[in-house]
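Asker: These are the residues of each chain, in order.
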Amino acid sequence: GDSVTQTEGLVTLTKGLPVMLNCTYQTTYSPFLFWYVQHLNEAPKLLLKSSTDNKRTEHQGFYATLHKSSSSFHLQKSSVQLSDSALYFCALTPGTGGYKVVFGSGTRLLVSP
Amino acid sequence: NSKVIQTPRYLVKGQGQKAKMRCIPEKGHPVVFWYQQNKNNEFKFLINFQNQEVLQQIDMTEKRFSAECPSNSPCSLEIQSSEAGDSALYLCASSLDWGNYAEQFFGPGTRLTVL
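Chains as they are written, first to last, in the numbering used here: chain F, 1 to 113; chain L, 114 to 228.
Simulated from the structure, these hints should not be mistaken for lab results.
Possibly wrong hints are sitting among the right ones.
Here are the simulated BS3-like cross-link-like pairs (lysine-lysine), alpha carbons at most 25 Å apart as the crow flies [stated by the list, open to error]:
1. F:Lys-49 with L:Lys-140
2. L:Lys-133 with F:Lys-100
3. L:Lys-176 with F:Lys-45
4. F:Lys-45 with L:Lys-116
5. L:Lys-116 with F:Lys-100
6. F:Lys-77 with F:Lys-100
7. L:Lys-176 with F:Lys-100
8. F:Lys-100 with L:Lys-157
9. L:Lys-116 with F:Lys-49
10. L:Lys-133 with F:Lys-49
11. F:Lys-68 with F:Lys-55
Chain L side only, calculated, beta carbon under 10 Å to chain F, not exhaustive [stated by the list, open to error]:
12. Ile-137
13. Phe-146
14. Lys-157
15. Phe-158
The structure presented is a predicted model; accordingly, all values stated were derived computationally and were not measured.
For glycine and all other residues, C-beta sits at the position ideal for the given N, C-alpha and C.
If we strip away everything but chain L, and leave its shape as in the complex, we get:
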């Protein structure tokens, strides 16, 4: 079973507010992914890290989203100014291997509701 920890499980914010969620990857996993799963269950890749460095991120992430994976601290994803369209399940996944065949281990997600 996955040991990726995500907090909080539920987050409610008003429009324009900051929303911050955290992820502790499985021990020893150097690669971390963040995804947004919308109400239609579709996954959208947001950003990924290898140790503390950003590997890839989408344009949306570059504008209102910020993320980091500091050494010896949980990874975090923060939305600077929440919008109604940001309401979704945010999934964190970690991976042991850097290669393309690597299994991703998912956390239970943070469900964000923007009122």
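The shape of chain F in the complex, shown without the other chains:
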């Protein structure tokens, strides 16, 4: 079946350092990938999305590139800020024409001063 794997449960970093949050997926179909961010006691909201192979997509300093050859959609930022502390979810819709969305288990990013 379709699945999304986020290998890190918790990532802790000092402000100003780069970060990469891993996301790999498994699906039979041509996928649509998303990153959602959920700040404490807030609703999740979309950060990035992509369905185009090998094209970098960016928003609010974060970027990700969908690599279908390796089934990956890692989230990166060159310099994290305190306000980036949040839960990050990678999600997949498998492109079957249905409405199923599969979320990863999430990665909590904690940025310290």
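Chain F is fixed; fit chain L onto it per the hints.
Answerer: Chain L only, in chain F's frame:
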């Protein structure tokens, strides 16, 4: 910012009691999703609607959970007989597009505690 409204924000029930929560999707969004987010922050899809019709639902939903999205009324999710394992954050999301690339707009959730 998302304009999905969920009520109540917090709900406390005893085991065996009914628990009902409501969601008003963003205006003009025909697709509504319900998710359960557990204490480990994992999302579990429960059910989704396109206008008033159920598109997909998981087996769990078919047994103790019921949901509807009536025309001109809030959508609702009801647990007929709450169990301790139902304690979680229930998130409603709506979407403008029917396609697979559609962004979901989430509400703040209803946090259910089953004692």
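Asker: Each hint: holds or not?
Answerer: Status of the hints after comparison with the structure:
Only pairs whose Cα atoms come within 25 Å are accepted, and Lys-49 (chain F) paired with Lys-140 (chain L) is accepted, the gap being roughly 23 Å. Distance check on the hinted pair: Lys-133 (chain L) and Lys-100 (chain F) sit about 24 Å apart at the alpha-carbon level, within 25 Å; holds. Distance restraint check for Lys-176 (chain L) and Lys-45 (chain F): the Cα-Cα separation of roughly 30 Å exceeds the 25 Å cut-off, and the hinted pair is therefore not satisfied. For the suggested pair Lys-45 (chain F) and Lys-116 (chain L), the alpha carbons sit about 11 Å apart, so the restraint of at most 25 Å is met.
For the hint linking Lys-116 (chain L) to Lys-100 (chain F), the alpha-carbon distance of about 22 Å falls within 25 Å, and the restraint holds. For the hint linking Lys-77 (chain F) to Lys-100 (chain F), the alpha-carbon distance of about 28 Å lies beyond 25 Å, and the restraint is violated. A distance of roughly 20 Å separates the Cα atoms of Lys-176 (chain L) and Lys-100 (chain F); the hinted pair therefore holds under the 25 Å criterion. This hinted pair checks out: Lys-100 (chain F) and Lys-157 (chain L) have alpha carbons roughly 11 Å apart, not beyond 25 Å.
Pair hint Lys-116 (chain L) plus Lys-49 (chain F) holds up; C-alpha atoms about 20 Å apart against a cutoff of 25 Å. For a cut-off of 25 Å, the pair hint linking Lys-133 (chain L) to Lys-49 (chain F) is broken: about 33 Å separates their Cα positions. Among the hinted pairs, Lys-68 (chain F) with Lys-55 (chain F) is consistent with the structure: their alpha-carbon atoms are about 11 Å apart, no more than 25 Å. Here the hint on Ile-137 (chain L) is broken, as its CB sits about 13 Å from the closest CB of chain F, past 10 Å.
With a cut of 10 Å, the hint placing Phe-146 (chain L) at the interface with chain F holds, because the nearest CB-to-CB distance is about 7 Å. For Lys-157 (chain L), the interface hint holds, since its Cβ comes within 10 Å of a Cβ in chain F; the closest pair sits about 9 Å apart. Taken as an interface hint, Phe-158 (chain L) checks out: its beta carbon lies about 7 Å from the nearest beta carbon of chain F, inside 10 Å.
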